[in-house]
Amino acid sequence: MVTSHEIDAIVDTVFKKTKADELELTVLSNHNELTRYANSKIHQNVAQRDNSISLRVVFGKKVGSASTNRLNEAGVLKALNKAESIAKHQREDPHFKGLPEDVDRKTKNLDSYCKETAECSPEERAKRVKDIVDYAGDEGVDRVYGSLSTSVMSLFVANTNGIRRSEEITKANLTVTTIADWDNDQGFGWGESCNADIDKIEHRKVVELAVQKGLNNLNPKKIDPGEYTVVLEPLAVNTLFTYLSFMGFSGKSVQEQRSFMNGKFGEQLMDERVTMVDDAGYKDMMGFSFDFEGVPKKRVEMIKNGVAKDVVYDSYTAGKENNKESTGHALPMPNSMGPMTMNLVLEGGDSNIEEMIKETDKGILVTRFNYCRPVHPVKSILTGLTRDGTWMIEDGEVQYPLKNLRFTQNLLDAFTDVEEIGTEQVLFGMDYYPLYTLSPSMKIPKFNFTGTTEF
Amino acid sequence: MRDGASMEELFDFGLQELEKRGITYGDIRLENLQSEAIDVKNGSVESIRHGESIGYGIRVIQGGWGFAASSDLTKDGIITTIDSAVKIAKASSLVSDPVVMKDVDIYEDKYLGSNDVDPFDVILEEKLDILTEAESRMRIDERIKVSNAVFRAWKIHKFFGSTEGARIEQDITQCGGGISATASDGNDVQTRSYPNSFGGDFHSQGYDFFLSLDLIERAEDTAKEAVKLLDAKQCPSGKMDLILETSQLALQVHESCGHPTELDRVRGTEASYAGTSFLTTDKLNDFRYGSDLVSITSDATTPYGLGTFGYDDEGVKAKKVYLVRDGKFIGYQASREDAEDCGLEVSGNMRADGWKNLPLVRMTNINLEPGTWSRDEIIQETQNGIIMDTIKSWSIDDKRLNFLFGTEAGYLVENGEITSRIRNPTYTGITYDFWGRCDAIAGKDDWKLHGVPNCGKGEPAQTMKVGHGCAPSRFKDIRVGVGKW
Chain A
1 MVTSHEIDAI VDTVFKKTKA DELELTVLSN HNELTRYANS KIHQNVAQRD NSISLRVVFG
61 KKVGSASTNR LNEAGVLKAL NKAESIAKHQ REDPHFKGLP EDVDRKTKNL DSYCKETAEC
121 SPEERAKRVK DIVDYAGDEG VDRVYGSLST SVMSLFVANT NGIRRSEEIT KANLTVTTIA
181 DWDNDQGFGW GESCNADIDK IEHRKVVELA VQKGLNNLNP KKIDPGEYTV VLEPLAVNTL
241 FTYLSFMGFS GKSVQEQRSF MNGKFGEQLM DERVTMVDDA GYKDMMGFSF DFEGVPKKRV
301 EMIKNGVAKD VVYDSYTAGK ENNKESTGHA LPMPNSMGPM TMNLVLEGGD SNIEEMIKET
361 DKGILVTRFN YCRPVHPVKS ILTGLTRDGT WMIEDGEVQY PLKNLRFTQN LLDAFTDVEE
421 IGTEQVLFGM DYYPLYTLSP SMKIPKFNFT GTTEF
Chain B
456 MRDGASMEEL FDFGLQELEK RGITYGDIRL ENLQSEAIDV KNGSVESIRH GESIGYGIRV
516 IQGGWGFAAS SDLTKDGIIT TIDSAVKIAK ASSLVSDPVV MKDVDIYEDK YLGSNDVDPF
576 DVILEEKLDI LTEAESRMRI DERIKVSNAV FRAWKIHKFF GSTEGARIEQ DITQCGGGIS
636 ATASDGNDVQ TRSYPNSFGG DFHSQGYDFF LSLDLIERAE DTAKEAVKLL DAKQCPSGKM
696 DLILETSQLA LQVHESCGHP TELDRVRGTE ASYAGTSFLT TDKLNDFRYG SDLVSITSDA
756 TTPYGLGTFG YDDEGVKAKK VYLVRDGKFI GYQASREDAE DCGLEVSGNM RADGWKNLPL
816 VRMTNINLEP GTWSRDEIIQ ETQNGIIMDT IKSWSIDDKR LNFLFGTEAG YLVENGEITS
876 RIRNPTYTGI TYDFWGRCDA IAGKDDWKLH GVPNCGKGEP AQTMKVGHGC APSRFKDIRV
936 GVGKW
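One line per chain: the protein sequences are A and B, in this order. Counted from 1, the first sequence has number 206 at position 206 by the working numbering; the numbering is strictly sequential. Start counting at 1 in the second sequence, then tack on 455, and there's your number in the working numbering.
Hints should not be assumed to be uniformly reliable.
Quick list of in silico lysine-lysine cross-link-like pairs, DSBU-like style, CA-CA up to 30 Å [as the list claims (entries may be wrong)]:
#1 B:K475 <-> A:K403
#2 B:K475 <-> A:K127
#3 A:K403 <-> B:K545
#4 B:K694 <-> A:K88
#5 B:K545 <-> A:K200
#6 A:K264 <-> A:K379
What follows is a set of in silico ranges between Cβ atoms, one per label pair, in the way DEER data are often shown [stated by the list, open to error]:
#7 A:D102 <-> B:S875: 33 to 43 Å
#8 B:D576 <-> A:E116: 44 to 54 Å
#9 A:K221 <-> B:E588: 52 to 62 Å
#10 A:E321 <-> B:E588: 52 to 62 Å
#11 A:A74 <-> B:V572: 41 to 51 Å
What the hints contain is simulated information worked out from the structure, not anything from laboratory work. Heads up, the beta-carbon is just placed ideally off N, CA and C, and yes, glycines get one too.
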């Protein structure tokens, strides 16, 4: 990781040498380690260390940026010169209102750093993988797949308007897929767990669940597509929730009129029990307490008791509207993505999976969804498939496994017609984007399945 | 601040250090990646980003696999990283079988990709002039809510060396861009892109490829198409003959042939993430993937392909292999390890997303060979069909069987003529059944090479740039218009 001494030296260099009106420096350090296993053997085992700096410079309303991972003086100055050269040749952007000012916003201190995670060795990860593989083997499942990763990430942001923040966080993530073989058939099962503290990843519990799902998923039956009641486990709900956020909870998507929130603010958009917020300070949440512009994250209520309330902003999108401020949701700037939710919470209800199943005459229990994509973002239509455990519920009990089904569903309809929401919220961390989510289980009476597959 | 040696000095030092360790196998890949990204949107230059990333990845076999990567460009950094890779390999051996890689020819060579005009030498103003003019020409109507023009360029300079004696230096330049217009009338939103969605089209080629796209000339028509889609008919539901234009067919090839023929997927190494494959090894040479017209290759030698290179990231020389020939499934994309374990040939498809990632089996250029029809003949010979153009939405199951794809635009074909425009077109099918319904493929004159810069795979997540060449093709009786609208 970049030391504080090294950061001081970089700050000293760029802030002294720059000729720009405004300057923003971001230093991002990553140390990721990941052990990947397949067919019950470790087949990939990696460590990555990288440190990079990004510079955003401003001359009037002209903005340029450059990044490098060469942290010696020559590399840093080369990036600064490049950013300044770009800015000088840039066109003026009338919407740019300047780099963000510091704000007095209290973000609850996240407990997102754990020494044990940061120092976890490849041997320790291998031992846990061996325990997973051995347990599954003892239960008759000889093919186990997944990964156990540990990472440390530090973020430092400073600008000429007085912002100067730094934070270091850790993340541990375990996934387990089981493939149970029996009588020429395969049963897929799944389990996962994410935490800042690797010792809170209960790998035995995760593999037990995955093994149980795999063994209960043999000889699945094919059913006709159509409209079914679904009981969605937290990971399945999480996927729908996350895509809904991608499709409409950004200030940029609203400004470009491609959000389902457009024209709906203040209106009842979903069931009154549905509340969706972005809150870095929520209990058990992970991640940084400030964004990539150094602005502390604000709790934003996107959907409150089913009513469309607000979306998230970075300084640029906030500057395009009257009376808006950055909510602390900037990605590395400048970017074409716009602000993004980073700490999504779907509030829990008063039910649980067992009760939902018990109260279902006929329905489908879904472990998770695979390869979801928006078909029409403004209409909030999403398609995808079930994966790693889908079962038919009849007369209040799980009866038999099903071959995977494709859904094509309007998500606003799904979240409007909600029958039950689970109390327990499960934490998930995305692997390719700094997004953490807390999602409960959910029962939805009408869910459109439009196709089936062969397994 | 940190000081470092030159790239070549570090590479030589790393190779010497690996050779000293007495390990079963070791390789070092040292890369310098430069990137430039320009986005112009709604009258503003939204962002100009320039990036440089230098580092190296060390891969070793010592009992099991170990890989460590670092941007610490010092000799101490190299030693620490090799130590880390060896330590990781030893830890892997607690839960792994011995690793054996298939023998291959070992090369000492330099490869220089096509780069007639270096995009990084072209002044910024010139690129901005083209993008801002193209973007402004799309603002034809108040219903155009978003107009966007994009430029991207990448330049990779990399060294690969191994304890087997390989020493390869490569320079590859990639470039391209595109435009898109999004129209809204308050009730619906429709987007039209040129020459493809998600940023445009890309080649392993210099600035000349970006110029050849003629973004300014195509801007107004692209915006008009977006506006017209607002009033177009909703895609009909039912079974129809489907004609795919090349920008969409490239995705079809990518998802339904490219990914399922990756042998690492077949063997389960992506089972918990991207998924597995229906093309299991028992089907090799004994499975009808498509109709007799369908032949698909993996070809890292395709001129200008976004997946074109001299050598892959384990030092295997670029080659062309058949995956499907005359409809029959006959080949895989295979690493040295997969090829050894399965008794198959190495295909030269091991590629890493930059220095910090481990090479995986990745597509190079997966190409559908041209047929004998022309695009016009296919349309003229279609009685009740629909043309679909430009990727909008793509989803496929984790064995690559059931897919549902959506495109930006569709056009009804009735009695051999295009009669009306269709919005929200979607189609669905099962991969081998779909390709079995292919009854017409256009010829060389209509064959086009597309670049896909955003193929995801692996943990930690990697993004790869791949190419797909194809010509417009027809598929009989395909289910279209899926879902409630």
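Okay, the hints, checked on the actual structure:
| no. | hint | result |
| --- | --- | --- |
| 1 | B:K475 <-> A:K403 | violated (53 Å) |
| 2 | B:K475 <-> A:K127 | holds (29 Å) |
| 3 | A:K403 <-> B:K545 | violated (40 Å) |
| 4 | B:K694 <-> A:K88 | violated (56 Å) |
| 5 | B:K545 <-> A:K200 | holds (26 Å) |
| 6 | A:K264 <-> A:K379 | holds (13 Å) |
| 7 | A:D102 <-> B:S875: 33 to 43 Å | violated (57 Å) |
| 8 | B:D576 <-> A:E116: 44 to 54 Å | holds (50 Å) |
| 9 | A:K221 <-> B:E588: 52 to 62 Å | holds (59 Å) |
| 10 | A:E321 <-> B:E588: 52 to 62 Å | violated (28 Å) |
| 11 | A:A74 <-> B:V572: 41 to 51 Å | violated (28 Å) |
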